[in-house]
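Visitor: This is what each chain is made of:
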Amino acid sequence: NAGVTQTPKFQVLKTGQSMTLQCAQDMNHEYMSWYRQDPGMGLRLIHYSVGAGITDQGEVPNGYNVSRSTTEDFPLRLLSAAPSQTSVYFCASTKGETQYFGPGTRLLVL
Amino acid sequence: GENVEQHPSTLSVQEGDSAVIKCTYSDSASNYFPWYKQELGKGPQLIIDIRSNVGEKKDQRIAVTLNKTAKHFSLHITETQPEDSAVYFCAALLGGYQKVTFGIGTKLQVIP
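For the protein sequence lines, the chains are A and B, in the order given. Mind the numbering: the first sequence is residues 23 to 132 in this note's numbering, read in order. Mind the numbering: the second sequence is residues 1099 to 1210 in this note's numbering, read in order.
Some chain B residues well away from chain A (every beta-carbon gap over 10 angstroms; in silico):
#1 H1105
#2 D1125
#3 N1151
#4 A1161
#5 L1164
#6 N1165
#7 T1176
#8 I1209
Think about it this way: if two alpha-carbon atoms lie no more than 20 angstroms apart in a straight line, the pair counts; the simulated EDC-like pairs of lysine to aspartate or glutamate are:
#9 B/K1156 x A/E119
#10 B/K1135 x A/E119
#11 B/K1155 x A/E119
#12 B/K1135 x B/E1177
#13 A/K31 x B/E1137
#14 B/K1205 x A/D60
#15 B/K1166 x B/D1147
#16 B/K1197 x A/E52
#17 B/K1197 x A/D60
#18 B/K1140 x A/D48
#19 B/K1205 x B/E1103
#20 A/K117 x A/D95
#21 B/K1156 x B/D1182
To be clear, the hints were calculated from the coordinates, so they are not data collected in a lab. A quick note: this is a predicted structure, and the numbers were derived from the prediction, not measured. Even for Gly, the Cβ is constructed at its ideal location relative to N, Cα and C.
Okay, chain A solo, but in the shape it has when bound (with noise of 0.2 angstroms):
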């Protein structure tokens, strides 16, 4: 299995562009999350889904749109990026209470 995926692993954007960031798991899990993590603040949880079809907002949603099409992928959206996007985000799989973690993607909004 290789776990959680994330690409890019580095992207660096100019505010006002889109991207999406991309996540996939192998692992058949229902819950999958999309947290950023910044300096002095720790993980914070930007959107979650229960499952294909289903999505929520966490704390910091505002800039970020979700979808989940199949139980595999769970792409974030950024639409128009801006400096406070700055980040470093991570992409979750969940199975039970075991969190899996993917390897990141770092972020920077010019």
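Please build the complex by placing chain B on the supplied structure of chain A, with the hints as guidance.
Guide: Chain B alone, transformed into the frame defined by chain A:
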């Protein structure tokens, strides 16, 4: 909402010594407390957890204690090794990962 405070933010110990990281939480309804280890350039990895109906849990060199009355829980690493060097995060959950709050992290350095 829930608030989780984690101390210290950095910790240096000599190889073989013990390390203790402490977290406090504000919502007495929180019922699950995992600890994650994050190595440089990687995602966090669950290393140990504890439920609110348990006071202590051990797994080889790591242990977690929970004091529900005081609303704090701690990670204990004994006989530290250089490979224990990483950032450690605590978290508190209220029912599930939909309601999770993470601490800010502790950077542990084990000096050989």
